[in-house]
Amino acid sequence: MAWRDAKASRARLLLFTASIILGIAAVVSIQLFRDNLQDNIQSQSKSLMGADYLIDIDETPNERAQAIIDSLNPVASEVNFVSMVAFPKNGGTKLARVRGIEGPFPVYGKMETQPEQASSTYQEEGGALVDATLLLQYGIKPGDSIKVGELTLPIVGSLSSMPGNSAVTSSVAPPVVIPNRLVAKTNLLQFGSRKEYQYFYKATPETDLIELENVIEPMLDAERADLDTHTSTSRRLGRRYENMGKFLNLVAFIALLLGCVGIASSVHIYIREKLKHIAVLKCLGASRKQSFLIYLIQIAGIGILGGVLGGGIGIGIQESFPYILKDFLPFDVEITITTQPIIMGVVLGFLIAVLFALLSLLNTWYVSPLQALRISDTSGSKKPKQAKRIVFTIIIIFLFLFSYWLLRDVTYAMGFVVGMLITFAILAGIATLTMKMIKAWFPKTWGYTTRQSLLNLFRPNNQTLVLIVAIGLGTFLISTLYFTKDILLSKTAVGDSSNSANMIMLDVQPKQTEAIAKTITDNELEVIDNIPLVTMRIHSVKGLDAKAEEQDSTVQIRGWIYNHEFRTTYRDHLMASEEVIAGQWTPEVSNDDVIPISISENVAEDANVTVGDKMVFNVQGVLMETVVGSIRMVDWGQLQLNFNILFPKGVLENAPQFKVLSTKAPTEASSAQLQREIVSNFPNVTIIDLRQVFTIVEDILGKVSWIINFMAFFSIITGVIVLIGSVRTSKHQRIKESVLLRTLGAKNNQILKISALEYLLLGIVGSLVGIVLALVSTLLLALFVFKEPFVPSAIPFLIFLPAISLLVLAIGLSNIRGVLSSSPLEVLRREA
Amino acid sequence: MSKILKINGLEKTYTSGAKQLTVLQNITFDVEKGQTFSIVGPSGSGKTTLLGLCAGLDTPNAGNVELCGHDLNTLNEDERAQLRNREVGFIFQNFQLLPTLTTLENVSVPLELQGAKQAAKRGMELLAQVGLADRFHHYPSQLSGGEQQRVALARAFSNSPSILFADEPTGNLDDETGEKVIKLLFDLNKASNTTLVIVTHDLDLANRTQQILRLKGGEIITNQPTVTH
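The listed protein sequences derive, respectively, from chains A and B. Sequential numbering of the first sequence, starting at 16, is according to our numbering. Sequential numbering of the second sequence, starting at 7, is according to our numbering.
Next up, chain A with everything else stripped away, as it sits in the complex:
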């Protein structure tokens, strides 16, 4: 019976099936991609690192550190630093990451070079391996030469890939690999240069990396060195994509919720149309259980079918993710197809179909056989409140469990479910309020068509509540997605660079400052910034130095605080990217005062200090006592120099320091000219051309946006299906009314106006409320989930609001288009 009935209702069940397919497809694709990403990170972490574990240190290791390093027997080592390189052949210059390598690196994975053997011969030959893209950009070939600092050496191969390099980092500072023994000849490792020493190790099968981490890490910490195992790298990498994962989970949650709303509304229409048949079946002797089961089996069957199809589509979609994101990830993602997504799709399809159809299915249980005999509308059959309550509770539990499964966090899951319930309640409240307001201030003197439209909004059988909730919920979910996308994208957004510097010169020695400034002005450019940089380390926090802190387990200070070499500056003003959130900023002090410094929010948190706490710094061997005067919130997303620790004027002027100069080169040619001059005269100076960074960041953002927009589009499609389903709820009733009006003499434009105004009002109210609610919820997400600032976009108001309102209008009018173009009896025959 279930099969026979479903066969006859194929078209009506299509909306229902589509909702399930789309919802499941989104969840399956996103879950699979996330799992694949994690698996890949884990399995490829050795190749990413190039070893089982490594020790890194930002300065030449002292004796104790060197003893630890040697005792573990490194297979290879490197020193790397960022520097400008030049190509004598054509005078081209570029910022590059120079990696001076000694020994057979990498231990795992490989350096892909052209010619292939170059990766194993460059050390012997004393040549350089240069990033393949860089060679291409500058028209250089293996055999030409490269100048690194004061050293010129032959290029023996082009480097396509090597462990630890992503397309992003390579684009900003492409790798140039040289033999470690030649690094000294570059003369680039001077005071103030940012450099990193790395020692690579291969673990024996018996080595317990966690144990090793526990034993060696504290010893290395004391010597300002770090131990990284491939397992910790995999954890770190996982965290790097955490926000993207959170966003994709949000998309999955929203897509599935939209699917659920679609299921609920399409089953509602379906069952309502079937109630009379069910009443007849009951008259003929069908039990409540039998009539309930007929439709339950149908719904469950379609849920399973939708799950299988959705799972299949989900697999197809996730196959495309790695292709789109390949430049964003530092490794290749290999997609594996398993039976798990199909099982997940089927189970989820079954669950959501049955759960969200249950409220409507209850009608089949409680419908009276008498309704087969009654003329009146059959939609009003009463379900006991207890049954409704039970179904609602089950739905809420399911939503919570599903959110938890996606987010793996009880608080977030609770937040999501409570948020959805509040949204639902607000939408229902606003729908009721709208009806009450129209009723209270009904414009009795307005024309008939307008009055009839408004009457339809609050009179019996109105669809105001259902449509405002459905439209509002759909718009809310889609807009939340859009606003959230804004949060993620603005994190890396490139600020308006029209008035700011686009070239930054780092590592300028004090004695070079004047000459470089002159080079800039000689090129008819302006020196925008001349920032002093003083490197220092934290010696003690609140009287506790690193050793004391280590011995006192009650002290909550993060390890990096003592190990990090801070690059600080001093000035008498704050920048636009800084905001004091605690204490008071002191611009200048005289020599005898206590030194009130300003620290960034993250340092305050990790060093566990607040305003008034003492911090002692080691400035090139001299201990300097300071007190935390203020804590700043710093917008690190801005492409400019920001500082963790900021000193007032009058303290560090005489400390050893180097400078950062910046300028704005209006054209690419003027930028290239200046770079050439500075690199040839001051090889130690590093130039960052922000113009290139802007382009690269924009390119990456474009790709991330594509994924985000694609998934948002996916949700929008589901939303449209929900909308069609919701508007269709009243299709037959509206057609009947329109035909009757037509019979009584209503003209096309009168019927059109009545429907148009009603749907337009519903569309505007529903979508406006949805967008406003999305704004609030995204603000909460920004604060508590993403922990990022949120500047809302106007797009949802300018595009979503009119688009959704017009869509509701179009779907609404499409319901009655038959009435407008056909004779009344023809319409009634079709609808019968």
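Treat the hints as calculated values from the structure; they're not laboratory data. Predicted model, so just to flag it, every value in this text is computed and none were measured. Incorrect hints may appear among the rest.
[What the hints assert, rightly or not] Covered stretches of chain B (chain A as the covering partner; in silico rule of three or more C-beta atoms under 8 angstroms from a C-beta of chain A):
id, segment
1, 63-76
2, 94-106
[Claimed, not checked] Under 10 angstroms between C-beta atoms, here's a sample of chain A residues computed to sit facing chain B:
id, residue
3, E752
4, T758
5, K762
Ideal placement from N, C-alpha and C gives every residue a C-beta, glycine not left out.
Knowing the structure of chain A, use the given hints to seat chain B on it.
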């Protein structure tokens, strides 16, 4: 007497799958202005289809309908609607009241569609005539079947139609209520001198009209005046 409805060679067929189903053929008759006229026949004889064609609710495959001097074949859907709004009243077996409107609003709809300013006043007068003035603010779902049909009667006369079509007006009512409604229908009809066309299978009701047209299998069997008239 002038003819208010002229039917000439009317034919209506429906397509059901690959098959053509002829519902009406060779239908020709006239209705005089002010006449009461009934169309009778067994179920499936084409009575309601004929009524729909006469009122311009559907279009014939062949033949033509002239209603109130207008050849319906020459009018488009809007023009036919306008003609109905001005000249025609309807009563349906299932009452067909708009569920979202109150009793008074339902009665006023034809006048509202014309843009008449006194629609509500005229609606109240008619509700009083059918004995439902005190129920003007009730919705159709709050009325009994007989009451709903009385509201439909009031609505049918609200635009002072030249011709009134009634499709099985007592089909959903018990005998007693049906009798009351029919009496009201004829009284109102007489008072407003409207032409009345009733589709029914109730021969007693048909016999109250001046002319009876009998249909069978989509064709006219007889078309003759009733004996009592």
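Here's how the hints hold up against the structure:
no.: 1; hint: 63-76; in the structure: holds (count 3)
no.: 2; hint: 94-106; in the structure: holds (count 7)
no.: 3; hint: E752; in the structure: 6 angstroms, holds
no.: 4; hint: T758; in the structure: 6 angstroms, holds
no.: 5; hint: K762; in the structure: 5 angstroms, holds
Consistency with the previously given hints is maintained throughout, with no hint failing.
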